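Chemist: Chain by chain, the residues:
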Amino acid sequence: MCMSRHIPTIILWLLTASGACAATVSVSVTDSGGKPASNAVVSLMPSGGAQIASHAPEKSIIAQRDETFIPLVVIVRRGGEVVFTNNDTTMHQVYSFSAIKQFEFEIDQGQVAKPVVFDKPGVAAIGCNIHDQMISYVYVADAPFAAITDANGHAEIRDVPTGSYRATLWHPQLPLGHPWPASTLAVSGDAVKLSFSVSLLPSKPGGMKHMHMDY
Amino acid sequence: MSFRYRLALFLIVTLAAVQALTAISAYIYLRASLVERAKNDLVAATGKFTQELAILSERVSSDVEILSLDYALRQAIAQQDYGTELSALRNHGYRVGATRMMLVGLDGIISADTGSARSAGRAFAFQDALSDAAARGQSTALANLDGKVTWIVIVPVRAPVPIAFIAASIPVGDALLEKLKGLSSIPHSIALATTDRSGRWMVVGRTANGPKTVPLPSAGQKIGNMAAESNGYLTVTTRLQTPAHSAPVLAVLAYPLSEAFAVYRAIIWPVLLVLALALLAAVGGAFLVVRRASKPLETLAATARQIAKGDYTPPPALQQNDEIGQLSQALAAMTQSIAEREAALTNAIDALEVARGEAVSASEAKSQFLANMSHELRTPLNAVVGFGEMLHQQVLGPLGVPRYVEYAGDICASGRHLLGLVSRMLDLADVDAGRLSITRVALDAGDILNQSVAFVRPAAEKANVELSLAADLGKWPIEGDAAKLRQVFTNILDNAIKFSLPGGRVTVSAATSEDRLIVRVQDDGCGMRAEDIAMVTRPFHRLRHAFDGQYQGAGLGLPYANAIAKLHGGSLSIESEMGIGTTVEITLPLHRDAMGIAA
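If you read the protein sequences in the order shown, they are chains B and G. Sequential numbering of the first sequence, starting at 1, is according to the working numbering. Sequential numbering of the second sequence, starting at 1, is according to the working numbering.
The shape of chain B in the complex, shown without the other chains (with noise of 0.2 Å):
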């Protein structure tokens, strides 16, 4: 009985300690034009239902920086945080209407607010009711791995062991109601290449206008 409780922790180790059997995997996504799509999210579910402890950070912070959400996309693994600090010299508002999580709170200028806990896997959408064009999204992993892509549409992820993976891919601008881009990706030696090509929305769709009735 003493044992059974102790069975993950073993397998936990096992797996680390097989770190020699762990490749890198390089993630390359692209638009439909051919170039680099920064900001997106790639995430790597092992296929069969095996378990393997998160890699994706506990706790993301989301700065509020000259009116904007810095970064645009964090990843937190499920149950993770998110604490919305205001470095800006006015207040803030952050609110999200996403169905992982709905919640909305003020913040003072120059305050770290309370941690605010997701818990269901998911994408929430963060806004500012004060200064719309603020927009900011909160990745909630469920898988174990999960990386956003650079400016040069790269990212790397370490450690994954062998074996066979579902990748899926997000990123902002994807199609409303359109189903995540995935593919499944079989991990073995050292490094490991994946790569998406995916069509996006324009980024910045339809800007806001603040003009008075005159007609």
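Hints in this document: simulated from the structure, not taken from any laboratory. Keep in mind that the hints are not guaranteed to be accurate.
So the derived label-pair ranges between C-beta atoms look like this [what the hints assert, rightly or not]: (1) B/ARG166 - G/ARG239: 48 to 56 Å; (2) G/ASN209 - B/MET91: 27 to 35 Å; (3) G/GLN79 - B/ALA182: 51 to 59 Å; (4) G/ALA123 - B/ASP119: 57 to 65 Å; (5) B/MET91 - G/ASP196: 13 to 21 Å; (6) B/ARG166 - G/GLN79: 32 to 40 Å; (7) G/VAL43 - B/MET91: 51 to 59 Å; (8) G/ASP196 - B/GLU106: 49 to 57 Å.
Keep in mind it's a predicted model, so treat the numbers as computed, not measured. Yeah, the Cβ is synthetic: ideal placement off N, Cα and C, and Gly gets one too.
Chain G: place on chain B using the hints.
Modeler: For chain G alone, coordinates are given in the frame of chain B:
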């Protein structure tokens, strides 16, 4: 009408026609170009109209876009709070002037509708507009909604990513059209039209000015950009962009042609004035030209009239090197030639006149001589005949030798014959001098003809000529001189017998025709040539050359008969053919009344 006026009229009519044609073609060209310009203006205005419409629609969509930032609305959508959704839509709809507001899910299903509670759960009508709004951040289009032309403005509600769409329906009314019209520089009117459920076009909005009836396409007609001219307006119809499931919407811009022709009206009077002055100048010029052209002709005409009057003074020659100059010279030459001939003719006529006078007096002298001679001859002949008679009848005792008695009879007979000839010559001379007269008594021409035939019958028998009287001699009452008529018939019968060959035949016939008696004496003798017929009735003309003295005679018979017939109011005519014979016809007027008295 004189040549001058005809030429002037021709020039004026030609000039006026040319001017009228010029004016008409200028009018047609000007009108066409004005219409073309107005059409271009209108097409430009139509383009401007759609541009202004697009700008206005962007403003409208901006107004609606602000609604999408309503936090309460976002919250209500997130929490599916239908009541809050509706009230937020109503409040905002009122602010932007929308008559109907809808909330449409990302799946295209209506979740709230201020216009109809029943539409919740149904698919939104203009899905393509939703796709457009999703792709571009907003979508605005004119559409026919509930039979009204409205702006359908669709904006996504962001939280901060799109969670739903707001669809606002803002009616496009007359006021908006007036405002759009005011932005244009040309005085056009605007009307909006759409189709009803049966596809029939109807006007749903229009500015105050413009045609009473807007020209609309017929149901089912394909719509392009159409320019048309009707009822004094030029119209351009253009189809406005509408979502896929909306009835089509047309904008009809109309331009009053009276405005387009204002330019034309402004210049028409000066142009007409210039044309009138030009015509006046042309008429003056025409008269000058015509005067120059007609003056020499009039001079020539005057010359010709002068010649006609018999004035042959040499006319002034026109010093012109053209046809008129040649005509003038020819006229001068002709005048001279006529004058010369006239002089020659006058001389000839004078000579003839002298000759005629001489001939006449000679003829008179001859007649006088004959008359005198006849008288002079009759007196000794009377002595010859009288004494011959006394000798023949041995009035003063026997002559002794019987042959003297016989000779005395011959003297007496020859004297009588000579006396008859002299008498007839005297008569003819009287006829010639117009002195012969006849006695007029009622008598029967049949008797006279009978006596005459009986008188010549011995001569006929002697000449072996058959003399037949074919006429049924009735009573033919005439009025005249019995002795002279007997002489006439006897002369004609004598001639017929004389010019018949032995064994020939002379036929005497008579008939009446209306109130005339026609006596015909026909022989089958030698006949005459046609040209001699006229000669034989003239005194002393015997056709001697034809008979070489074979026949005796003085040539007095036919002329005498002719003269007597005429004195009786009748006539004598001769038909003859060489070798066939001669027919002499004497016509005398009948006098039935006279006969009645005689009877």
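Chemist: If a hint holds in the structure, say so; if it doesn't, say that too.
Modeler: Here is what the structure says about each hint:
no.: 1; hint: B/ARG166 - G/ARG239: 48 to 56 Å; result: 51 Å, holds
no.: 2; hint: G/ASN209 - B/MET91: 27 to 35 Å; result: 55 Å, violated
no.: 3; hint: G/GLN79 - B/ALA182: 51 to 59 Å; result: 31 Å, violated
no.: 4; hint: G/ALA123 - B/ASP119: 57 to 65 Å; result: 35 Å, violated
no.: 5; hint: B/MET91 - G/ASP196: 13 to 21 Å; result: 55 Å, violated
no.: 6; hint: B/ARG166 - G/GLN79: 32 to 40 Å; result: 33 Å, holds
no.: 7; hint: G/VAL43 - B/MET91: 51 to 59 Å; result: 55 Å, holds
no.: 8; hint: G/ASP196 - B/GLU106: 49 to 57 Å; result: 54 Å, holds
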